[in-house]
Amino acid sequence: MRKYLASLTFLFVTILVLAMAYPIAESEYTPVPEEQEEAPLTDSEAFDQMMAVLTHKRCVNCHPSDNSPKQGEDSHPHRFGVLRGTDNHGMPAVRCNTCHQAENNSFSGVPGAPEWSLAPMSMQWEGLSRTEIAKSMLDRARNGNRSHEDIMHHLTEHELVLWAWEPGVDAEGRPREKPPVPKEAYITAVKAWFDSGAIIPEE
Amino acid sequence: MKISFKLNKSPQTVEVADGNTPLLWIIRDVLDLKGTKFGCGKAACGACTIHVNGEAVRSCSYAVKFAEGKEITTIEGLGSEANPHPVQQAWIEEVVPQCGYCQPGFMMAAAAMLEKIPQPTDEDIDNNIINICRCATYYRMRKAIYKAAELQKEAARKIP
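Line by line, the protein sequences are chains P and Y.
All the letters of the first sequence, read from the start, carry residue numbers 1 to 203 under UniProt numbering.
All the letters of the second sequence, read from the start, carry residue numbers 1 to 160 under UniProt numbering.
None of these hints come from the bench; they were simulated from the model.
Incorrect hints may have been included.
List of simulated lysine to any residue pairs, SDA-like, C-alpha gap at most 20 Å [claimed, not checked]:
hint, chain 1, residue 1, chain 2, residue 2
1, Y, Lys116, P, Pro92
2, Y, Lys116, P, Leu83
3, P, Lys57, P, Pro167
4, Y, Lys42, P, His78
5, Y, Lys65, P, Pro77
6, Y, Lys65, P, Ser106
7, Y, Lys42, P, Pro77
8, Y, Lys42, P, Lys191
9, Y, Lys147, Y, Pro118
10, Y, Lys42, P, Ser106
11, Y, Lys42, P, Ala102
12, Y, Lys42, P, Glu73
13, P, Lys70, P, Glu103
14, Y, Lys42, P, Arg146
15, Y, Lys70, P, Glu115
16, Y, Lys65, P, Asn104
17, Y, Lys116, Y, Arg157
18, P, Lys70, Y, Lys42
19, Y, Lys42, P, Val169
20, Y, Lys42, P, Pro167
21, P, Lys57, P, His154
22, Y, Lys70, P, Pro114
23, P, Lys191, P, Arg146
Calculated Cβ distances over 10 Å to all of chain Y for the following chain P residues [unchecked claim]:
hint, residue
24, Arg58
25, Met91
26, Glu103
27, Thr131
28, Arg140
29, Met152
30, Trp163
31, Glu166
32, Pro167
33, Ser196
Here are some, though not all, of the chain Y residues that point toward chain P, as calculated from beta-carbon distances under 8 Å [stated by the list, open to error]:
hint, residue
34, Pro22
35, Gly41
36, Lys42
37, Ala44
38, Glu55
39, Ala56
40, Cys60
Glycine included, every Cβ here is placed at the ideal spot set by N, Cα and C.
With these hints in hand, go ahead and build the complete structure from the sequences.
Structure below.
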């Protein structure tokens, strides 16, 4: 028994000595990073991100300043003289859905989404500055008498708007360019901008 | 998947492996109606124009799955030899075709326009008939469209 206690004491002392000789240096300790909440967007950042999308060709091509839809990465007038028509869905016998259906067509490269059409003339954005576009969006006389909330829902939920992030391929099979801000970041930015009062900055 | 629709007033059901198959391929290769033509395959030239529920549609860019429950009309169903559509009659009288390849698409587009605009002007024709004819028979087609409008008007007068 005495021999056993002596061995135990020796073992304890050895561990103590070793522990003192090789202390765990504080610098070797790697803390698990705490999850940090992202800082909320400032009004200016939210506006910048939203407008980076709304001024992109995937949006502006269907907000032309004339009666001709634009197409392609170079925003050329729609081929073969396609026109707006009185209801923004094309001419009586050449409707938008003569060619554009409810989804992209990867065989022909013709893009599609539900309610494919031009924005109304009062919502023409082609050639406008960011602040001019924002003013037009918020102007009930031009936006179809929509409230801020209506506009926010249109910008963040309407399938035709969100098509911009799933634009499919062109007639040569090349993927169309997407807006420069990811969809979720854009939606966050739009909501943040409206939540903070939809202030249009001076430019 | 099975897709059912009416083709030239006759019920049809087709079995397709891929619902995104262009309706044009089904019409030509499965249902064996060769009047509708493949031109560009990009919904640009209009050689494949048919009517879907009365509207002009480019069938090369129309997935067959969208045809479910629809009324499809091709050039074969527009009129018959015994009773041609006013557009077909006018096309014959004005001897419009040269090579003829694009003409079914033009006739379907013209018929769709005359449904909406019974007495079209030159501007209406320019804005609504945007198909492409490599033989450039545009002048004769314009004359035929005016003639078709007159034939259609006369036919309407005769209906008691």
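Hints breached by this structure
5, 8, 14, 25 and 26
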